[in-house]
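Enquirer: Below are the chains, spelled out letter by letter.
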Amino acid sequence: MADLSVKIGGLQMKNPVMTASGTFGYGEEYADFIDISQIGGIIVKGTTLAHREGNPYPRMAETPSGMLNCVGLQNKGVDYFIQNIYPRIKDIQTNMIVNVSGACVDDYVATAEKINELPNIPAIELNISCPNVKQGGMAFGTTCAGAESVVSAVRKVYKKTLIVKLSPNVTNIAEIALSAEAAGADSVSLINTLMGMAIDAERMKPVLSTVTGGLSGPCVKPVALRMVWQVAKAVKIPVVGLGGIMNATDAIEFFLAGASAIQIGTANFIDPAVTLKVVAGINEYLDRHGFSSVKEIVGALKV
Amino acid sequence: MADLSVKIGGLQMKNPVMTASGTFGYGEEYADFIDISQIGGIIVKGTTLAHREGNPYPRMAETPSGMLNCVGLQNKGVDYFIQNIYPRIKDIQTNMIVNVSGACVDDYVATAEKINELPNIPAIELNISCPNVKQGGMAFGTTCAGAESVVSAVRKVYKKTLIVKLSPNVTNIAEIALSAEAAGADSVSLINTLMGMAIDAERMKPVLSTVTGGLSGPCVKPVALRMVWQVAKAVKIPVVGLGGIMNATDAIEFFLAGASAIQIGTANFIDPAVTLKVVAGINEYLDRHGFSSVKEIVGALKV
Amino acid sequence: MKKHIVDLKVVSNEKLGDKHILMKLTSDAQLPEMRPGQFAEVRVDNSSTTFLRRPISIHFVDRVKNELDLLIQLVGDGTRKLATLKAGDTVNVVLPLGNGFSDPQPQQKSLLLVGGGVGVAPLLDLGSYLKSKGYQPTFLLGARSAKDLLQIAAFEKVGRVLVTTEDGSCGEKGFVTNHSVLKNEQFDKIYTCGPTPMMKAVAAFAAQNAIDCEVSLENKMACGLGACLCCVTETKEGHKCVCSDGPVFNIKDLTWQI
Amino acid sequence: MKKHIVDLKVVSNEKLGDKHILMKLTSDAQLPEMRPGQFAEVRVDNSSTTFLRRPISIHFVDRVKNELDLLIQLVGDGTRKLATLKAGDTVNVVLPLGNGFSDPQPQQKSLLLVGGGVGVAPLLDLGSYLKSKGYQPTFLLGARSAKDLLQIAAFEKVGRVLVTTEDGSCGEKGFVTNHSVLKNEQFDKIYTCGPTPMMKAVAAFAAQNAIDCEVSLENKMACGLGACLCCVTETKEGHKCVCSDGPVFNIKDLTWQI
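Protein chains in written order, with the working numbering: chain P, 15 to 317; chain V, 15 to 317; chain R, 1218 to 1475; chain H, 1218 to 1475.
Among the hints, a few may not be true.
Said to hold, decoys possible - Stretches of chain R that chain P covers, calculated by requiring three or more beta carbons in the stretch to come under 8 Å of a beta carbon on chain P:
{"#": "1", "stretch": "1251-1257"}
{"#": "2", "stretch": "1266-1279"}
{"#": "3", "stretch": "1433-1441"}
Stated by the list, open to error - Partial list, derived from the structure: chain H residues whose beta carbon lies under 10 Å from chain R:
{"#": "4", "residue": "Val1261"}
{"#": "5", "residue": "Asp1262"}
{"#": "6", "residue": "Asn1263"}
{"#": "7", "residue": "Ser1265"}
{"#": "8", "residue": "Phe1268"}
{"#": "9", "residue": "Asn1283"}
{"#": "10", "residue": "Thr1296"}
{"#": "11", "residue": "Lys1298"}
{"#": "12", "residue": "Thr1301"}
{"#": "13", "residue": "Gln1403"}
No lab work stands behind these hints, which were simulated from the structure alone. Glycine is no exception: its CB is placed at the ideal position from the N, C-alpha and C atoms.
Take these sequences, add in the hints, and give me the full structure.
Expert: Structure follows, in structure tokens:
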């Protein structure tokens, strides 16, 4: 049994497997299938200052080895989260992390400030890369100045572990990561979804209500691996890798590319029990290759 | 039988189906399977001023619904092309188009100048987006200034149809397209490959000799469709769409998104006869939907 | 009701016409508890084009034989791939998902179950359940033509079956909402599943006659668990997930213009 | 030689041990002309993980039965999927691809065919061809252990078969290059296919003894037609495609350090 524990900023995790925001609800949705407390960390869905209805239906399109979504951060707002959801999930014995989004810097700050007060939320993931909202979202994640402005503002009010989720829809993701690091991020997670589009040829219409949406699933894994590799070489803070991870082998690839921890997203839709299978598979790989800790293979790619 | 003919700048094509550079050799490789003269246009492989050996083996990695390559523009140089290859292919009764690459502006210009002299080459595709070469290549395709510099320089010496192939590895591809248009491009083709990476977890090594490579195949189609949609709305010149087209339905989706013509690349590897099946399928779709010309569905997406 | 991920064995996979299949599944273990109106997410293996599971409503559960029947319309690559499964093959299923139909209120005695197309699927399980509770459900089933009617014999075993076809080739000619029974008889509750236009027409009839009415919606889904929020429908309380808040909704909670 | 895209029917698909299959294919039409050493690109259907065709060398062609035999090592998802094909199934194949082995020169009388592992595959077709031309080919086949030897009986029908195994469980103990026949007999030409280290050892032996030698290479391929330039190998004239310039190369054209 290898040591699977990892540390992301001040965040101590029993293993490096987290769930990606928006793919695992608040964890409860999967409790019938697995003991969710055995997951290293659960990132609950995108939370904003005010209630958001999200985008109209249809919000999903199946694509080759993946899917597009345009949910658009549907959530009941941070106050509802604090009053109604937090009490339900605060005693789940793993790291419950909140993904925070906003339309402007003040929104991000106000939301982060409120979540900072919740004792059982040890970290937030700052989403500066949602492709499915009109203002804010990805806008902050596609320029160094935008990233710097929102991360430094949130850093001032948020005292615990601050993970910044980066957009892959950029020319140079390492630059954005460096800006987030300079602005005080404890970690960066990547990749959020690639902006894509699906068309119904027979009806001559877009499949999604918003025309474009975010692409996820194994189809994006090669791009995600490349970006994790580029960012891990550029920054000093730990990198959380995600993008199309379906099994333990995929996860190992992200560690080798430089990720200190990984997130599983779309795969939860195909196998609701995949997270703990990945945890077991990582341990099996480490034992088989004679590693005593997962930390030993982070960035260990032989080039 | 609908009218499949389209015009790209001065380039008259019997149908809107072309082959993507680097996936169809010089056409001859596929002549046993189909009458290649029935293809709307054949874009032969990337040609540079000097001979290039390309990158070391291994150059290919299979990925979910796609593949990565890092060939690196292996070719014998433009003079060899003019003396040894052009005479063999110049009488193929379709548009034989040369894809031109370079490490610096002067290389692009010198190569384009030489090809400008070949009577049976009606157009070139300027590749400012190859992810697999150290200098030049993608560098010119990721900034407006870079695109403007190389396109305007080539425009001065190249008198026939000038298509500029764009990189998807950018924050705002419409901007780059507008720069190419302003610099005198007759058309833009997109997308070139997405920069990706594959890792052999068991050997803890990258699969490709160059670590990263270019991703193609159906996995990139949603991203390609989105970018064609964005570019077609931004520019006035015709757009040539490519990226994961495997069949006629995929091709129709690109027309609806705004492409005036399409290219088939990776699909040629799975079905060497796919090009003419797509031509037939486009015609079947147009007839079934009561369109008399493919031009009627270009950008006809109902949003 | 506890959700399970189970590998089920195909007992038979019968083609019904050219657009539907009836897949009978069993398990060495006892099949999980399920309610009428709930559904299953079926994994599609060995497909180069299908990535996500396919949500399929529970058509019938035979507790004696320990068999689960799925009535599946062949709409795309995924369902066509399911049609290639043979007896003895294994299929991975997540179930039971969503909330089923609700029991009738004490004062609700005469029950009408209205189905169209493959939408009849959940009504067989519902009707059997209601019958077991002592009700005598009436099925009103609509289709384009006689040949498009599904599982009529099975429905007749459970209750009275009324039919409408658009071409009049079976039962009364027209749509389900044109059927004479709606004029001649009084119903206390209507359960319906089928094409949206049909359900809206049924809902309109129910609303006009102040009849309690539940509809089973079918939206494009990814997770089936209420996690991804892709399959939402408009309700008076805003967007709700068809997979976890539904698929059954009372029409009084929806925002349909009826 | 003209290339074809053909749907072939599986006659049989036999498991050889746990790592290989012998797939016999036929066609209603006459099988295309093929040369020993050429290969086929086999499409892998119904796979969620395999996107590209799989290059498989031609193992044997029976013109009387109009059958093509493929000897396939199970290395990944693609080949394992091919192993699930059953008699009567159809498989789409592009063939013949590449250049085969060249005929011996007039003065080349004694021919040695050296194979290791699944690399023995093309040598059966080559040996049969040479035998039909009046030669008496000698096969030198190596494997880890007796159980890893493939198709020995088939080879014995064609010519003399010498064997080496690393554990000595069959034939002489050691590698093919340790076999006594290399000391005791004189060969005019050597054809070899197998693991790269083995081929390099054989090539070194041939070079030291000034014996003409052809090797069949196996690189990762996409198109198989010389279009994508993914499968290149270093030659004295620079990068060449294993698929279209090979897979057979004369060692004097390669840059191997031997």
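Enquirer: Now, for every hint given, state plainly whether the structure supports it.
Expert: Outcome of the hint check:
{"no.": "1", "hint": "1251-1257", "result": "violated (count 0)"}
{"no.": "2", "hint": "1266-1279", "result": "holds (count 5)"}
{"no.": "3", "hint": "1433-1441", "result": "holds (count 6)"}
{"no.": "4", "hint": "Val1261", "result": "holds, 9 Å"}
{"no.": "5", "hint": "Asp1262", "result": "holds, 7 Å"}
{"no.": "6", "hint": "Asn1263", "result": "holds, 4 Å"}
{"no.": "7", "hint": "Ser1265", "result": "holds, 6 Å"}
{"no.": "8", "hint": "Phe1268", "result": "holds, 8 Å"}
{"no.": "9", "hint": "Asn1283", "result": "violated, 29 Å"}
{"no.": "10", "hint": "Thr1296", "result": "violated, 15 Å"}
{"no.": "11", "hint": "Lys1298", "result": "holds, 8 Å"}
{"no.": "12", "hint": "Thr1301", "result": "holds, 9 Å"}
{"no.": "13", "hint": "Gln1403", "result": "violated, 53 Å"}
In this structure, the hints that do not hold are numbers 1, 9, 10 and 13, in rising order.
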